[in-house]
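Student: Chain residues, written in single-letter form:
Number of protein chains: 2
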Amino acid sequence: MHLYPDNRDVFEQITVLAPGLLGASVGMAVAKHSPSRKIHVWARRAETRVQCELLEWCHAVHSAAEEAVKGADLVIICSPVETIAPLVERIAEHLKEGAIVTDVGSTKSLLCHNAKAAMPAHAFFVGSHPMAGSEKSGLEYADRDLFKQRPCFVTPLPETPETVTEQVVRFWMELGMQVCTISPETHDEIVAYISHLPHILASTLCAALQKKDSKWRHFAGAGLRDTTRIASGSPILWKSILEQNREEILRALDTFEDEIHHFRSALANREWFEVSNLLEHGKHYRDSLSPDATEQ
Amino acid sequence: MHLYPDNRDVFEQITVLAPGLLGASVGMAVAKHSPSRKIHVWARRAETRVQCELLEWCHAVHSAAEEAVKGADLVIICSPVETIAPLVERIAEHLKEGAIVTDVGSTKSLLCHNAKAAMPAHAFFVGSHPMAGSEKSGLEYADRDLFKQRPCFVTPLPETPETVTEQVVRFWMELGMQVCTISPETHDEIVAYISHLPHILASTLCAALQKKDSKWRHFAGAGLRDTTRIASGSPILWKSILEQNREEILRALDTFEDEIHHFRSALANREWFEVSNLLEHGKHYRDSLSPDATEQ
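Chains F and V, in that order, give the protein sequences. Residue numbers 15 to 310, in this note's numbering, belong to the letters of the first sequence in order. Residue numbers 15 to 310, in this note's numbering, belong to the letters of the second sequence in order.
Any given hint could turn out to be false.
Given that identical chains are not distinguished, each listed pair holds provided it fits within a single copy or across any two copies.
[As the list claims (entries may be wrong)] No farther apart than 30 Å at their CA atoms in a straight line, the calculated lysine-lysine pairs in the DSS-like style are these:
#1 229 x 253
#2 130 x 229
#3 162 x 226
#4 110 x 229
#5 253 x 150
Since the hints were made in silico from the structure, they are not lab data.
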């Protein structure tokens, strides 16, 4: 836990806006690592608020976001990407002096600039992207260990004070994350390749298979299952992500289309050296990824 | 266990040629389900033979394939796809009257026709493709439960006697597999889509990422790991598979390229209804796959 010189916790009160899989996991993880912190939540739906009232980590449930952020040292917005900047706008006036607002959205550039513009002068916004999650969504899949050993981006703008960035970095590190600070623009380029492109390939492969004989699905092996698992993710959430990061994704798609086109030519022309080369490069890259918690 | 009317086991002696991950898993699974069967093996490398001598399920180890198949009721060839028909040619004369030869290769059409042509009149070949395995290869990763609940194709030719097909179907079912008989040509079409295409996408994605900043690999989340796991498979084995099933794979690649091109256009032109549609179709297909043993 990070303390002020007088031993007071920097983030005594934390407010989670829109606790779904990620927001509720943040709440559970904070309760585990820093049990003295008070956690407030706001949920748009009445049924989620009722669920939240039953959760041990949840100290106060609010029906208005404006109320929920009052007195909060840290506000974490966990709603879908396109709703984050509008939410910042809504809570801006109600933030206490020196409050820090962050989020868990999968895209950063557009969002961070809009959120920053919506912030009042007396509080700070710095974007976060904890790369944890699942193809599942919803409070009921929350997991207090979701963030352990996972990568997390924190994306300050040039004008973000260093101490603000540092406090948010420390917050995610306390939950066990491996944090990297980076500009929102570089973040969006990286995730276009390592997260959004793989999602598009999984979805596109499934959409192509959907058109073939429906009996074929009974023959799906572990390879197809793993390759396509993320295609089960929420189309609504993913449409927003693709919309927010459209330009970077188009560039990543071009790179991929070049590669697959090159591969297809090699196969069509029986250029077996080229085919082997691509397989070797692919294996080399995959083997170089450090093992995942679930692979160990 | 399948018995003759006089209660004698149809497959008293089984010979596994080239016990790697799959062959050794067959041996272990047979020893578990039908402990009275004798299992002989032949391995090309001396070091594998030494390893095999230490394995409980392995009753005899041979340094010549011709010797190993003598007296066998069932021969299972587990070597890479391009070596299967040549091995059939080599053992043909040494097979006993009525012996059945099968394999575990990932492609079937070319292989089954070549293997059939190499067989003597007094024995039978029918192809198999147990869809089990791993991105790992080698005896040391063998697992007696590898075949449990997994799909398996058995691919008779029109001239294959029904009783031969039936005995091979029964053999895989006894190891817990869900067996489907199908022509070698249809098999190759199906696996081009559900197995070879996903492998190519995983390899191609990795090959494309290999060209980007090498630090990006530290940010790989579970999505990228799952999507690309199979790219760690042996490039040598996969080059052979692609070679043997080249035409069907080219057709599958065309279907995929159409789909991704369609997606790219929709994203480029901000046709969000189309983008959502593709994500929905992809999710619908993925959700319709019955849960895998490892997903339960």
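Student: So which of those numbered hints doesn't the model satisfy?
Tutor: Per hint list: single violation, 4.
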